[in-house]
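Colleague: Okay, here's what each chain looks like letter by letter:
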Amino acid sequence: MADSDYLGPGRRWHDMGGDLAGPVPTADHDFALWEKRVDALVILSGLKGVFTVDGLRRVLEDMGPEAFETMTYYERWVAALNQNHLEQGTYTVAELATKMAEVQARGATYGAANHVP
Amino acid sequence: MPHDHPDHDAPDGLSPSGHPYRADQDTDLTYWQTLEIAVRELMIDKGVVTPAEVTAQVEAMDARSPADGAAVVARAWTDAAFRARLLSDGSAACAEMGFDVGPMKLIAVENTPEVHNVIVRTLCSCYPRNLLGLPPDWYKSRAYRSRTVREPRAVLAEFGLVLPSSTTVRVHDSTADMRYIVLPMRPDGTDGMTAQDLAKLVTRDAMIGVGVARAPA
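Same order as they appear, the protein sequences are chains G and H. Each residue of the first sequence is one higher than the one before, counting from 1 in this note's numbering. Each residue of the second sequence is one higher than the one before, counting from 1 in this note's numbering.
If you are wondering where the hints come from, they were derived from the structure by calculation, not from laboratory data. Some hints could be false.
Which chain G residues stay away from chain H? Per the calculated CB distances, all over 10 Å, these [what the hints assert, rightly or not]:
| id | residue |
| --- | --- |
| 1 | GLY10 |
| 2 | ALA40 |
| 3 | GLU66 |
| 4 | GLU87 |
| 5 | GLU102 |
| 6 | THR109 |
| 7 | PRO117 |
Residues of chain H clear of chain G, computed beta-carbon distances all greater than 10 Å [said to hold, decoys possible]:
| id | residue |
| --- | --- |
| 8 | ALA38 |
| 9 | ARG40 |
| 10 | ALA67 |
| 11 | PRO136 |
Short derived list, chain G residues pointing at chain H, Cβ under 8 Å [as the list claims (entries may be wrong)]:
| id | residue |
| --- | --- |
| 12 | ASP19 |
| 13 | ARG58 |
| 14 | VAL93 |
| 15 | LEU96 |
| 16 | ALA105 |
| 17 | TYR110 |
Here the structure is a predicted model, which means the values were calculated and not measured. The C-beta atom is built at its ideal place from N, Cα and C for all residues, glycine as well.
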């Protein structure tokens, strides 16, 4: 972990420049389709005026350091995308719950769950 | 329906976007994948976006790669007037070549025998994606974000780049609205090469500043 678990006044967890840390990881990967779609939906939400990059970052930063360590990049992004749409009233929590159940009922893989019967 | 499998050959076993392929993901549907489908369909149902817009956005993302940035660098190496424009207004110079960097400000920083530049984004992971495609994982890592501003020479050494102590290392921390790209030094022995051939020497890492341009074969 970082040496500066101590966060001075006004310094939040994501402000990690200057901390100690281990070697830079060398592993890299291409992006899965669902991840590219998350990226696309975030960009399009901005272009359509639903929320800005600041809205995205506010939610990401409010998730705290645990989410940074345990969730992948686009997992955090899709959570922030959803949170911003809920806040802006694009859809309600009830509509989301209904849609989530509907998607899950379609099948056990990403491909199957995308297939609207 | 777009799919996820490698179907285009790229050099070095990398995907067209310049990242290594990952294993197939024909695994059980995850919670977050479910959420992506649900949010996308709700955005479509509510008329925020159309399916065609989502597809077009993914395709535009797939079309961007470090080759775009490399073309800009090679032009700067071969066209002094363009180099001057790139260094004075990176966004406008890139737009000239058809690369729209959007509303953000793009600043090109030039490496010289005396000064080596490297870019980072300590607060999150903003990256000159319109010129380089999506960032590599390490750029988004805690280690790179934390240490690059603290001990840049040690970080560069991990990438195999050991600079003489006489070289000044400048670290540029991007913001959400302002991105940097490094203009690497043109390698020796490249006199007379075309911009197209020069572009092949310009790696993604050279434009981030954790590497230098390749020597000609």
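Colleague: Now tell me if each hint is right for this structure.
Modeller: Verification of the hints:
1. For GLY10 of chain G, the requirement that its beta carbon stay farther than 10 Å from each beta carbon of chain H is met, with the minimum near 13 Å.
2. Consistency note on ALA40 of chain G: stated as away from chain H, yet its beta-carbon is not over 10 Å from all of that chain's, at 4 Å minimum.
3. Listed as a non-interface residue, GLU66 of chain G keeps its Cβ farther than 10 Å from every Cβ of chain H; the least gap is roughly 13 Å.
4. With a minimum CB-CB distance of about 13 Å to chain H, GLU87 of chain G clears the 10 Å threshold, and the non-interface call stands.
5. Look at GLU102 of chain G: its CB is around 8 Å from the nearest CB on chain H, not clear of 10 Å, so calling it non-interface is violated.
6. With a cut of 10 Å on Cβ distances, THR109 of chain G falls inside the contact zone with chain H, its closest approach being about 6 Å.
7. The beta carbon of PRO117 of chain G sits about 13 Å from the closest Cβ of chain H, which is more than 10 Å, so the claim that it is off the interface holds.
8. The beta carbon of ALA38 of chain H sits about 4 Å from the closest Cβ of chain G, which is not more than 10 Å, so the claim that it is off the interface is violated.
9. Listed as outside the interface, ARG40 of chain H is inconsistent with that label: its C-beta sits roughly 6 Å from the nearest C-beta of chain G, within the 10 Å cut-off.
10. With 10 Å as the threshold on Cβ separation, the claim that ALA67 of chain H sits away from chain G holds: the shortest Cβ distance comes to roughly 16 Å.
11. The claim that PRO136 of chain H lies off the interface is violated: its Cβ sits roughly 5 Å from the closest Cβ of chain G, which falls inside the 10 Å cut-off.
12. Nearest Cβ of chain H to the Cβ of ASP19 of chain G: about 4 Å, under the 8 Å cut. The hint holds.
13. The beta carbon of ARG58 of chain G comes no nearer than 11 Å to any beta carbon in chain H, farther than 8 Å, and the hint placing it at the interface is violated.
14. Look at VAL93 of chain G: its Cβ only gets to about 11 Å from chain H, farther than 8 Å, so that hint breaks.
15. For LEU96 of chain G, the interface hint holds, the least distance from its beta-carbon to any beta-carbon of chain H being 6 Å, beneath 8 Å.
16. The closest approach between the C-beta of ALA105 of chain G and any C-beta of chain H is roughly 10 Å, which is over the 8 Å cut-off, so the hint fails.
17. Taking 8 Å as the C-beta cut-off, the interface hint given for TYR110 of chain G holds, the closest approach to chain H being about 5 Å.
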